[in-house]
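Asker: Chains as they are written, first to last, in this note's numbering: chain X, 11 to 196; chain Z, 2 to 430.
Hints are computed from structural coordinates only; laboratory data are not their basis.
The calculated lysine to any residue pairs, modelled on SDA-like cross-linking and capped at a C-alpha distance of 20 Å, are:
{"id": "1", "chain 1": "Z", "residue 1": "373", "chain 2": "Z", "residue 2": "330"}
{"id": "2", "chain 1": "X", "residue 1": "191", "chain 2": "Z", "residue 2": "51"}
{"id": "3", "chain 1": "Z", "residue 1": "324", "chain 2": "X", "residue 2": "175"}
{"id": "4", "chain 1": "X", "residue 1": "25", "chain 2": "Z", "residue 2": "394"}
{"id": "5", "chain 1": "Z", "residue 1": "324", "chain 2": "X", "residue 2": "179"}
What follows is each chain in one-letter form.
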Amino acid sequence: MMSEEKSCNRREFIKSGIRLSLALAVGSVGGVVVTRGSSEKWVWQIDPFKCTQCGRCASSCVMTPSAVKCVHAYDLCGYCDLCGGYFKPDAVELKTGAENQLCPTAAIQRNFIEEPYFEYVINEDLCIGCAKCVKGCTSFGNGSLHLQIRHDRCVNCNECAIARNCPSDAVTRVPASDPYKIKGDF
Amino acid sequence: MILIIRMKKWMKIMLVSIPVFFTGLLSAQQRFPKPEFETGYVQPSPTIPGPRGMEMEYLDVFVLFLVLSVASWLVIKSRSRRGILWLSIFSLLYFGFYRSGCVCSVGAVQNVALTLFNPGYAIPFSVLLFFLLPLIFALFFGRTFCAAACPLGAIQDLLVVKPISAPRWANKLLGFIPYLYLGIAVLYASTATDFFICRYDPFVGIFRMDAPFQMIVLGVSFLIIGLFFARPYCRVLCPYGVLLNWMSRFSKWHISITPAECVQCKLCSSSCPFDAIEKPTKKGVEIDSAKNLKRFIVYALLLPLLIVGGGFIGAKSHIFLSKAHPDVYLAELLIARPELKEDPGNLDVQTFYSSGKPLRQLVEEATQIRQKFYAGGMVLGGFIGLVLGMFLLNQVIFRKRMDYEPDKGNCFSCGRCMDYCPVGRKMIK
Numbered sequence: 011m012m013s014e015e016k017s018c019n020r021r022e023f024i025k026s027g028i029r030l031s032l033a034l035a036v037g038s039v040g041g042v043v044v045t046r047g048s049s050e051k052w053v054w055q056i057d058p059f060k061c062t063q064c065g066r067c068a069s070s071c072v073m074t075p076s077a078v079k080c081v082h083a084y085d086l087c088g089y090c091d092l093c094g095g096y097f098k099p100d101a102v103e104l105k106t107g108a109e110n111q112l113c114p115t116a117a118i119q120r121n122f123i124e125e126p127y128f129e130y131v132i133n134e135d136l137c138i139g140c141a142k143c144v145k146g147c148t149s150f151g152n153g154s155l156h157l158q159i160r161h162d163r164c165v166n167c168n169e170c171a172i173a174r175n176c177p178s179d180a181v182t183r184v185p186a187s188d189p190y191k192i193k194g195d196f
Numbered sequence: 002m003i004l005i006i007r008m009k010k011w012m013k014i015m016l017v018s019i020p021v022f023f024t025g026l027l028s029a030q031q032r033f034p035k036p037e038f039e040t041g042y043v044q045p046s047p048t049i050p051g052p053r054g055m056e057m058e059y060l061d062v063f064v065l066f067l068v069l070s071v072a073s074w075l076v077i078k079s080r081s082r083r084g085i086l087w088l089s090i091f092s093l094l095y096f097g098f099y100r101s102g103c104v105c106s107v108g109a110v111q112n113v114a115l116t117l118f119n120p121g122y123a124i125p126f127s128v129l130l131f132f133l134l135p136l137i138f139a140l141f142f143g144r145t146f147c148a149a150a151c152p153l154g155a156i157q158d159l160l161v162v163k164p165i166s167a168p169r170w171a172n173k174l175l176g177f178i179p180y181l182y183l184g185i186a187v188l189y190a191s192t193a194t195d196f197f198i199c200r201y202d203p204f205v206g207i208f209r210m211d212a213p214f215q216m217i218v219l220g221v222s223f224l225i226i227g228l229f230f231a232r233p234y235c236r237v238l239c240p241y242g243v244l245l246n247w248m249s250r251f252s253k254w255h256i257s258i259t260p261a262e263c264v265q266c267k268l269c270s271s272s273c274p275f276d277a278i279e280k281p282t283k284k285g286v287e288i289d290s291a292k293n294l295k296r297f298i299v300y301a302l303l304l305p306l307l308i309v310g311g312g313f314i315g316a317k318s319h320i321f322l323s324k325a326h327p328d329v330y331l332a333e334l335l336i337a338r339p340e341l342k343e344d345p346g347n348l349d350v351q352t353f354y355s356s357g358k359p360l361r362q363l364v365e366e367a368t369q370i371r372q373k374f375y376a377g378g379m380v381l382g383g384f385i386g387l388v389l390g391m392f393l394l395n396q397v398i399f400r401k402r403m404d405y406e407p408d409k410g411n412c413f414s415c416g417r418c419m420d421y422c423p424v425g426r427k428m429i430k
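Chain X extracted, bound-state conformation (with noise of 0.2 Å):
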């Protein structure tokens, strides 16, 4: 009977050991990264400057459609009749029908504000992200229209899908204290 009592004493005595060694490996792991962390949460951002329109944040974001939208920097934009970002390189006429869109599905409006200025607006719930006017914009134009991750739409995976797919590394963490990065704002 004592004996038994004493293999279970030693028995208890080296589980409490080993529990305190991993309480020390878990806390001395946690007060390395503690040192190392940072208070403020961190989103994804894509640099448009970066940007080469390639149009895979339109197919690799686990969001569908993509929480990447166009967007438009009013300050850029020329308000051009004929709009690189709206119309297609061989447009029969510059009009708003859809054979003369770049748009696949039609998210961009087109509004008349006086001869010959037209405002471009996008519509975000239409935009899937595929930067095909982007590219347009930017090659021919001022290159007003861009990408940006939505941050109402991104659910803000810990590895972004569109960040490894992304050829030109655009994508990349940033402080959530300043997600956007808005052409013209700075």
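Starting from the known structure of chain X, fit chain Z onto it as the hints suggest.
Answerer: Showing chain Z alone in chain X's frame:
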């Protein structure tokens, strides 16, 4: 006014006739200056919907802490399977469907690994707490995280319909995979290659109700397998389960099948869908201690050999392992197939060449990454060798068990067995 219109017409001709030529001038800005409007047009400004606030992330941590506390109380004190079930449904709804399965403790392993080896990445404190809290709780109360807080576990636990008991050797063999999975996930996270666990999370697509087709197929097949082989992801893959297993094995308190004295009725023996109940050691069967001691010594001598051998194999396979890194992959591709430079269809190659970065620089970076994989692969191999050696050693260590007890490492603390114990029922009456 006329001048402007004329200019626009001229531009029209220019733009239509020279479509691709201007792509080189990407950086040029304000080719067409913003007009000054006469009709009083007010220019809208782009909307910037903000991300979810940090205080909400801390709310998630608080909810996790609360769930873990309640789960531990339900498991240890109140012994209520029903309570655990409802709590796990809450976790499934909150961490699974409401939070879309992200942030989760299983994935947080990678953030910790990335932080430890990459000074450029700073882990948010909320994610660190998601990694630490379940481990600390497991050290005191067992794997109560698996019982009620993990959404991945909860979705599988609800679909345990007709669990089939797997043979002991099969369970042991399958139990190896999580170690390998953990090792590879940590290696890839610490080299900033890939977040493997998140990428192949089978259930996150179900939580988001949105995923690529093959991921939905994977998730649903896990659930279908789970009808018969209970909680397959937890038992065969979950890398975080490895850490919880270590903690839980030495936990201060742990779920017990019976609240008082076991009467050896065997009613609970088949109650565990996860084969995590250990039977009492047979009486009258004498163990040949001399033979066992010999085997113990052989295995103990084998252990360092296994570690060194594993390290050697791991280091040897670093070239293969490093292929998962996008930079290494691209550098290898460009060296092996230089003709791809002329292939306009290969987006990665074309983007690389148009970026103006010299190939030599890419190769240099890839070589450095591969060096990291050499060390990482060695550690991974050594770790696998150690696990193998410890497994062998465990085969010759016998402990006397008088009663039916949960295997503290593998038990998810789900509490099903408690309802089978007649001692417990009597006490409730």
